[in-house]
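Q: Each protein sequence line maps, in turn, to chains A and B. Using this note's numbering, read the first sequence as starting at 2 and increasing by one per residue. Using this note's numbering, read the second sequence as starting at 2 and increasing by one per residue.
Source of the hints: derived by calculation from the structure; they are not laboratory data. Mixed in with the good hints there might be a few duds.
To be verified - Computed footprint of chain A on chain B; a stretch qualifies when at least three of its residues, placed anywhere within it, have a C-beta under 8 Å from a C-beta of chain A:
1. 74 to 81
2. 98 to 105
3. 166 to 176
4. 181 to 187
5. 203 to 212
6. 224 to 237
What the hints assert, rightly or not - In silico BS3-like cross-links for lysine-lysine, where the CA-CA straight-line distance does not exceed 30 Å:
7. B:Lys188 x A:Lys105
8. B:Lys164 x B:Lys201
9. A:Lys215 x B:Lys164
Built from N, CA and C at the ideal position, the CB exists for glycine as well.
2 protein chains.
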Amino acid sequence: MLTEEVYMPDLRKDPILGRWIIIATERAKRPSDFGTEPQEKSDEKLCPFCVGNEKKTPPEVMAYREPGTKPDTKGWWLRVVPNKFPALEVEGDLSRTGEGMYDKMNGIGAHEVIIENTDHNKTLPELERKNVEDVIWAYRDRTVDLKRDARFEYILIFKNQGKAAGASLTHSHSQLIALPIVPKRVKEEMVGAQNYYENKERCVFCDIIRQETKSVARIITENEDFVVFAPYASRFPFETWIIPKKHDSAFEDIQKHEVIHLACCLKGILTRMNKVLNYAPYNYILHNSPLTTSHLPYYHWHIEVMPVLTRVAGFEWGTGFYINPTP
Amino acid sequence: MLTEEVYMPDLRKDPILGRWIIIATERAKRPSDFGTEPQEKSDEKLCPFCVGNEKKTPPEVMAYREPGTKPDTKGWWLRVVPNKFPALEVEGDLSRTGEGMYDKMNGIGAHEVIIENTDHNKTLPELERKNVEDVIWAYRDRTVDLKRDARFEYILIFKNQGKAAGASLTHSHSQLIALPIVPKRVKEEMVGAQNYYENKERCVFCDIIRQETKSVARIITENEDFVVFAPYASRFPFETWIIPKKHDSAFEDIQKHEVIHLACCLKGILTRMNKVLNYAPYNYILHNSPLTTSHLPYYHWHIEVMPVLTRVAGFEWGTGFYINPTP
Chain A
2 MLTEEVYMPD
12 LRKDPILGRW
22 IIIATERAKR
32 PSDFGTEPQE
42 KSDEKLCPFC
52 VGNEKKTPPE
62 VMAYREPGTK
72 PDTKGWWLRV
82 VPNKFPALEV
92 EGDLSRTGEG
102 MYDKMNGIGA
112 HEVIIENTDH
122 NKTLPELERK
132 NVEDVIWAYR
142 DRTVDLKRDA
152 RFEYILIFKN
162 QGKAAGASLT
172 HSHSQLIALP
182 IVPKRVKEEM
192 VGAQNYYENK
202 ERCVFCDIIR
212 QETKSVARII
222 TENEDFVVFA
232 PYASRFPFET
242 WIIPKKHDSA
252 FEDIQKHEVI
262 HLACCLKGIL
272 TRMNKVLNYA
282 PYNYILHNSP
292 LTTSHLPYYH
302 WHIEVMPVLT
312 RVAGFEWGTG
322 FYINPTP
Chain B
2 MLTEEVYMPD
12 LRKDPILGRW
22 IIIATERAKR
32 PSDFGTEPQE
42 KSDEKLCPFC
52 VGNEKKTPPE
62 VMAYREPGTK
72 PDTKGWWLRV
82 VPNKFPALEV
92 EGDLSRTGEG
102 MYDKMNGIGA
112 HEVIIENTDH
122 NKTLPELERK
132 NVEDVIWAYR
142 DRTVDLKRDA
152 RFEYILIFKN
162 QGKAAGASLT
172 HSHSQLIALP
182 IVPKRVKEEM
192 VGAQNYYENK
202 ERCVFCDIIR
212 QETKSVARII
222 TENEDFVVFA
232 PYASRFPFET
242 WIIPKKHDSA
252 FEDIQKHEVI
262 HLACCLKGIL
272 TRMNKVLNYA
282 PYNYILHNSP
292 LTTSHLPYYH
302 WHIEVMPVLT
312 RVAGFEWGTG
322 FYINPTP
């Protein structure tokens, strides 16, 4: 008898651009893919992220829960579980191979879901500040844990809010992907920042913070530890960055007072965005330095918040740059 | 009395990534922007691209029309007009300046619309092959004309089909943007192709054509002059490339027999896509070499066709790479 075939996604490299693509056929099984299924029912009884439905997710990898309660049972207020339709598989080795002139490797990585709270209907900015702090702690704790795995070179934390932003379930959640390569977009950011540093011996992000806080015009809010501002060359209307004032390349080194202030910024900016943009869908991503580097003088971790208001079309695909209708 | 203020978009450079962004506030006036307006009415009487409504567009820059008929009147079967809500302005000079640590320049360029036929309801693949040939000739004629303008470094030709792909009018049309810079995505393609060439002294695109035609698996169709195939590291399900068999870096040097065969491929692949994907929206782009180069041994012009089936979300924005659920 055959044992169950082990599914393994493919990582394929574009021979011209050097960009890696994940070919994850398993994800085509997601009910929401290709938009052929009706909108996910917002029913708490069916929701795999709701209390009491813990068995509907793969076993949890971490949770903040009442002392004495057991994994995958009630008692949690934040839960981290593997994605049921992962883009990457956590078991196996990388095994890089060729395919004629092409290069590929096994799609090894971790794809986790951070269930941010127990309330099915509360979005992140509607949570208590303490809860938002715990979401940030979960980001940090998972990063520290996955950093130990030598197969991973980068961890991306991101959130898709709303169907148009790619969220397939309504219960508020973030995601984390650990990758065996540093993605192209991050590499470019690193190279750009390093070039600037070699030229000026100053961090480009620190320089941006200095210029923005001086001119004020693009600042949205700030507190002791963070600045929230609209970047000069925004790709999207109402694009916003949250950046720590103190130079630090590694998000996971965040201090307790910084977590509190970051929670204030995140809750604050998302609440304001919801008000101004009438609950438009959005994505945010946390850009951290690669796992194998530490204490880089030229890189500065930050969060990029991108409301989904405009459509990306032929021009953007063809050029890699963006038309933004807001100043 | 004040004269009408001249509107000028901004080109702003991201200080970290070196990516240029177009800040085009004028485009925020488009009725379809921000998705707040109801879907564009598909009424031929109101359609600015229909015969008889020539005055609803800016004056035409070119048309294929019956000899003896006047510009901006009936008698045309293909018409090229400036975009009414251009991302870039054709009048003025570039004037690069700084803004503190930031760099910017005037948003100079051309943004044109190619109205592909007179029939309001016929999509590109439903046109006669002769008409499709004329669309290709129009792409070529406009490229040759705009190439004379020393302010422009790159011309991107693209098509957005369907609302989800960014089309704001239903009457079938393509677009052309002439840019004062070579966009990042094209630069990357050039650099990648050049590196490959320096290493192997062969064009990477020619190598791809050789490997694909030999292995057959990824070939969708081919004829005397063109190969249509699914690229190895596709970003999107059913992504398809059309590429000339004979090495050529400049699209505008296309020959008549090639125009005929390209029209066959374009009509054929779009018809098949419509059948298989149930008229899914799509984008295509024509990647040509920059205007200031010629006869590059390492670059090879081509068309990339991308159906809009999956959503680009936080992961893609954060990494610059893509999860494709199809093999």
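Q: Next, verify each hint and record whether it holds.
A: Results of checking the hints against the structure:
no., hint, verdict
1, 74 to 81, "violated (count 0)"
2, 98 to 105, "holds (count 4)"
3, 166 to 176, "holds (count 4)"
4, 181 to 187, "holds (count 4)"
5, 203 to 212, "holds (count 5)"
6, 224 to 237, "holds (count 5)"
7, B:Lys188 x A:Lys105, "24 Å, holds"
8, B:Lys164 x B:Lys201, "43 Å, violated"
9, A:Lys215 x B:Lys164, "42 Å, violated"
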